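There are 2 protein chains.
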Amino acid sequence: MSRVEPKTVERIVILGAGTIGSSWAAHYLAQGKSVTVSDPAPNAESRLRGFIDKAWPALRTLGLAPGSDPAAVRFIPDPAEAVREAQFVQESAPETVATKVSLYQKIERTLPEDAVVATSTSGLSISELQKGRLGPERYVVGHPFNPPHIIPLVEVVGGRQTDPAVVEWTLDFYRAHGKRAIHIRREVPGHLANRLQVALWREAVHAVAAGIASVEDVDAAVVHALGPRWALVGPHLTIHLAGGEGGMRHHLEHLGPAIEEWWADLGSPSLTPEVKAKLLEGMDEETAGTPFDELVSRRDRLLVAFLEMQKKEAAAADSTRPGA
Amino acid sequence: MSRVEPKTVERIVILGAGTIGSSWAAHYLAQGKSVTVSDPAPNAESRLRGFIDKAWPALRTLGLAPGSDPAAVRFIPDPAEAVREAQFVQESAPETVATKVSLYQKIERTLPEDAVVATSTSGLSISELQKGRLGPERYVVGHPFNPPHIIPLVEVVGGRQTDPAVVEWTLDFYRAHGKRAIHIRREVPGHLANRLQVALWREAVHAVAAGIASVEDVDAAVVHALGPRWALVGPHLTIHLAGGEGGMRHHLEHLGPAIEEWWADLGSPSLTPEVKAKLLEGMDEETAGTPFDELVSRRDRLLVAFLEMQKKEAAAADSTRPGA
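Chains as they are written, first to last, in our numbering: chain A, 5 to 328; chain B, 5 to 328.
Accuracy of the hints is not assured; some may be wrong.
Intra- or inter-copy, both count: the list cannot distinguish identical chains.
[Unchecked claim] Quick list of in silico lysine-lysine cross-link-like pairs, BS3-like style, CA-CA up to 30 Å: (1) K110 x K135; (2) K280 x K58; (3) K316 x K58; (4) K315 x K58; (5) K316 x K11; (6) K58 x K11; (7) K37 x K315; (8) K11 x K315; (9) K110 x K282; (10) K316 x K135; (11) K37 x K58; (12) K37 x K11; (13) K316 x K280; (14) K316 x K37.
Since the hints were made in silico from the structure, they are not lab data. Remember, it's a predicted structure, so these values are computed and weren't measured experimentally.
Chain A with its partners taken away, still in its complex shape:
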């Protein structure tokens, strides 16, 4: 199978123009590509174009590729037609096996043999989704974080029948189009990032359930101490740099036993009605009447400012590398 060079892909098809699909479309447009979008909903096209217009200012702030055009969208309601010349398909249909499999059945006869189909699924098994498909080896997970046009991460997971070359090609494709793609080497529930998310949240829930701290104080502990380091260097590198010159080796040798004791003491809360009530009450206290929309737009404004800072830093680091 001779597949096109990932960075030269021109024919990108988005299947499903809900929140995730529309955001993917906006992302590729900002990368200077044109996209073909398919969705069976009657008002899908106008919703899509509205989404892109709303997303464009943040994308401009984060940096548009030369020649980007928010109108470079072709809308084709019939998915079999939409994929006819596809090189890469990003599928973001509703999150059930039946819906996705039925969509794959519709496209598999018109889809070019060398096209790759990446599903945005956060919870379904790619091995199950690809079973019985025509050309199962070209199906792969490309799981974004919401919203994909803002958050750089994509998790790439191959199923039992996925061609390893398709996994590599997909990683390269995302990396050539402005994403930070990582390889999830085993199919596990939640891929990787959602597992990390719920692992932290479990102890955050335990702290509230066990009366250790309020919802607001748990958030403050992360916002004003842990979060910045995690956001800037990640959890493993945080530990490496916390140990002084000896780094992670020193940390593992000297604090390993203490950490294992702390691990044993971590909570295993259940989301009982009482625990849910405590969480909701604590969240009401924390948000203190601030309208939901205002909280969301504050988060998004901060996110864009943060990602700008991250981009500048990466550019500065590149320019100081020998040979740059």
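With chain A's structure known, arrange chain B on it following the hints.
Same frame as chain A, but now just chain B:
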């Protein structure tokens, strides 16, 4: 007991001028206070002054209080002498019960009755430390994050004999001096933030141990997706805002059962020699020969930039509040 108003405290004493104590001293100096510092080590005073000089540029970037003077330090080697007029004592002696108790025994007869003693301990029990002390009700935990002159969080924990008014006073004192103080309502190993830290790290270690992802990709998942949201709004508010208009209530009702299943699937790694070897090998790959000092200074540069952004945002949010 009529204790001085927290914001009018002028006589701050730092016991122990290691990395944490020196950083506390730099923090209070940047807040426009003078400090008295005590440490038995022969070269403690020159090390302290060197630390402050090195810390000052970052403190200037983050904003100095009017009248701040990096030289406003009085060094008194004898702790009993140092605390003679103290209103607030921050103790950062070495992390053993014996060392701290022996220091408390040295100061308890000269310490003014209404002074508060906050210990920087991350791992010892305040109930145990205060047992048998003269005036046990004035001892409390004030646990900072390293380095205290940069990271805003302080965890305040009272012991069995701590006067609840002392806990409140200490929270107010830190808040009046530029810190984000939170109340840990129960004595548990690791207070709160270190529990959250090891909870996330446990799943981060599991991902590597179980072959789900590389060390570098785990860090990337946090840096390029989860971390920014955590750093900007915290884990609970992240969940609240992820659920759309229905917020956390919707999230708990619709995703509660799925989250409990994911919780059940999270890993419980042990730090076996094999796991440690994988972590160290993965960290070597991630850092790829970049000198340790360069990694540390990059993290610190990013941290200061992040905290500046956080401060500006807080100021902007304040100025748009009704009545501001």
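Okay, the hints, checked on the actual structure:
{"no.": "1", "hint": "K110 x K135", "in the structure": "within (15 Å within a copy, 74 Å between copies)"}
{"no.": "2", "hint": "K280 x K58", "in the structure": "neither (34 Å within a copy, 47 Å between copies)"}
{"no.": "3", "hint": "K316 x K58", "in the structure": "both (24 Å within a copy, 25 Å between copies)"}
{"no.": "4", "hint": "K315 x K58", "in the structure": "both (22 Å within a copy, 28 Å between copies)"}
{"no.": "5", "hint": "K316 x K11", "in the structure": "within (23 Å within a copy, 39 Å between copies)"}
{"no.": "6", "hint": "K58 x K11", "in the structure": "within (27 Å within a copy, 46 Å between copies)"}
{"no.": "7", "hint": "K37 x K315", "in the structure": "within (21 Å within a copy, 37 Å between copies)"}
{"no.": "8", "hint": "K11 x K315", "in the structure": "within (20 Å within a copy, 40 Å between copies)"}
{"no.": "9", "hint": "K110 x K282", "in the structure": "neither (47 Å within a copy, 44 Å between copies)"}
{"no.": "10", "hint": "K316 x K135", "in the structure": "neither (44 Å within a copy, 52 Å between copies)"}
{"no.": "11", "hint": "K37 x K58", "in the structure": "within (18 Å within a copy, 48 Å between copies)"}
{"no.": "12", "hint": "K37 x K11", "in the structure": "within (11 Å within a copy, 57 Å between copies)"}
{"no.": "13", "hint": "K316 x K280", "in the structure": "neither (41 Å within a copy, 34 Å between copies)"}
{"no.": "14", "hint": "K316 x K37", "in the structure": "within (23 Å within a copy, 36 Å between copies)"}
Violation of the numbered hints given earlier is confined to hints 2, 9, 10, 13; the remaining hints are satisfied by the structure.
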